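If you want the building blocks of each chain, they are given just below.
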Amino acid sequence: SQLAEENSWALSVHEGESVTVNCSYKTSITALQWYRQKSGKGPAQLILIRSNEREKRNGRLRATLDTSSQSSSLSITATRCEDTAVYFCATRGADRLTFGKGTQLIIQP
Amino acid sequence: NAGVIQTPRHKVTGKGQEATLWCEPISGHSAVFWYRQTIVQGLEFLTYFRNQAPIDDSGMPKERFSAQMPNQSHSTLKIQSTQPQDSAVYLCASSYIKNTEVFFGKGTRLTVV
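If you read the sequences in order, they're chains A and B. Take any residue in the first sequence, count from 1 to its spot, add 9: that is its number in the numbering used here. Take any residue in the second sequence, count from 1 to its spot, add 56: that is its number in the numbering used here.
A hint or two may mislead.
[As the list claims (entries may be wrong)] Subject to a maximum C-alpha distance of 35 Å in a straight line, what follows is the list of computed DSBU-like cross-link-like pairs (lysine-lysine):
no., chain 1, residue 1, chain 2, residue 2
1, A, K110, B, K67
2, B, K118, B, K71
3, A, K65, A, K50
4, A, K47, A, K65
5, B, K71, A, K50
6, A, K65, B, K71
7, B, K118, A, K35
8, B, K134, A, K110
9, B, K162, B, K118
10, B, K162, A, K110
11, A, K110, A, K35
12, B, K162, B, K71
13, B, K67, B, K162
14, B, K67, B, K134
15, B, K162, A, K35
16, B, K118, A, K110
17, A, K47, A, K110
18, A, K50, A, K35
19, A, K35, A, K47
20, B, K71, A, K47
21, A, K47, B, K67
22, A, K110, B, K71
23, A, K50, B, K67
24, A, K50, A, K110
25, B, K118, A, K50
26, B, K134, A, K35
27, B, K134, A, K47
28, A, K35, A, K65
29, A, K50, B, K134
30, B, K118, A, K47
31, B, K118, B, K134
32, B, K118, B, K67
33, A, K47, B, K162
34, A, K110, A, K65
35, B, K134, B, K162
36, B, K134, B, K71
37, A, K65, B, K134
Think of the hints as simulated: they come from the structure by calculation, not from any bench. Here the structure is a predicted model, which is why all the values come from computation and not from measurement.
Please work from the sequences and hints to get the whole structure.
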């Protein structure tokens with residue numbers, strides 16, 4: 010079974026709206042990372058949130074981490090068409106980075 | 057900083073042939089990862105090196121797959137006797153140490169016909 014998984018296969022919103030991708034995980038972690046992958050590219054890290062942090066921001070992005078419920082969320086405000094991508098959460102234990110299956114986010118004009 | 061460099065970007069092999077994929081991690085990074093990505097399985101961990109030493113290869117198929125890191129500037133993933141089910145995008149990534157950003161290459165798309 011997946012150690013980390015996003016809660017939605019796909020989401021679609023209109024440009025300018027806000028959207029949240031949720032993730033749950035099943036193992037103790039030292040950090041949780043959110044990645045974005047655009048077509049033809051490798052995943053690129055958006056936010057790294059450590060296990061002793063509850064929230065992290067990066068521009069229009071905000072990640073939260075709840076270690077008691079083993080869940081995390083990534084919120085994007087004022088979405089743009091270029092935010093269209095697959096979003097992954099990934100847990101990092103001792104060394105290995107384990108990814109969820111990803112959520113396809115489509116931003117419509 | 058050119059990022060993680062993977063070559064070739066695309067490779068087509070016939071069933072039963074060997075495929076070697078190359079990765080040049082970012083200079084100074086001590087951790088190197090290999091992942092395989094398919095539509096069905098998503099991003100699967102294959103193997104991990106730290107300071108060139110193999111640390112965790114638990115994701116590697118037991119037969120036909122091998123990975124090496126002969127020096128700090130490159131790693132290879134070799135697949136012997138390729139099969140159609142090996143078709144995937146193989147991604148290499150590197151980072152400094154744990155809990156730091158992991159940088160991915162653009163991947164090698166392997167197609168076995």
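The hints, checked one at a time:
no.	hint	result
1	K110(A) to K67(B)	holds, 25 Å
2	K118(B) to K71(B)	holds, 18 Å
3	K65(A) to K50(A)	holds, 25 Å
4	K47(A) to K65(A)	holds, 22 Å
5	K71(B) to K50(A)	holds, 26 Å
6	K65(A) to K71(B)	violated, 47 Å
7	K118(B) to K35(A)	holds, 26 Å
8	K134(B) to K110(A)	holds, 25 Å
9	K162(B) to K118(B)	holds, 25 Å
10	K162(B) to K110(A)	holds, 18 Å
11	K110(A) to K35(A)	holds, 14 Å
12	K162(B) to K71(B)	holds, 24 Å
13	K67(B) to K162(B)	holds, 14 Å
14	K67(B) to K134(B)	holds, 13 Å
15	K162(B) to K35(A)	holds, 29 Å
16	K118(B) to K110(A)	holds, 23 Å
17	K47(A) to K110(A)	holds, 14 Å
18	K50(A) to K35(A)	holds, 28 Å
19	K35(A) to K47(A)	holds, 26 Å
20	K71(B) to K47(A)	holds, 30 Å
21	K47(A) to K67(B)	holds, 21 Å
22	K110(A) to K71(B)	holds, 28 Å
23	K50(A) to K67(B)	holds, 16 Å
24	K50(A) to K110(A)	holds, 16 Å
25	K118(B) to K50(A)	holds, 28 Å
26	K134(B) to K35(A)	holds, 32 Å
27	K134(B) to K47(A)	holds, 26 Å
28	K35(A) to K65(A)	holds, 21 Å
29	K50(A) to K134(B)	holds, 22 Å
30	K118(B) to K47(A)	holds, 31 Å
31	K118(B) to K134(B)	holds, 12 Å
32	K118(B) to K67(B)	holds, 22 Å
33	K47(A) to K162(B)	holds, 10 Å
34	K110(A) to K65(A)	holds, 22 Å
35	K134(B) to K162(B)	holds, 18 Å
36	K134(B) to K71(B)	holds, 14 Å
37	K65(A) to K134(B)	violated, 39 Å
Hint compliance for this structure: hints 6 and 37 are not met, and every other hint is.
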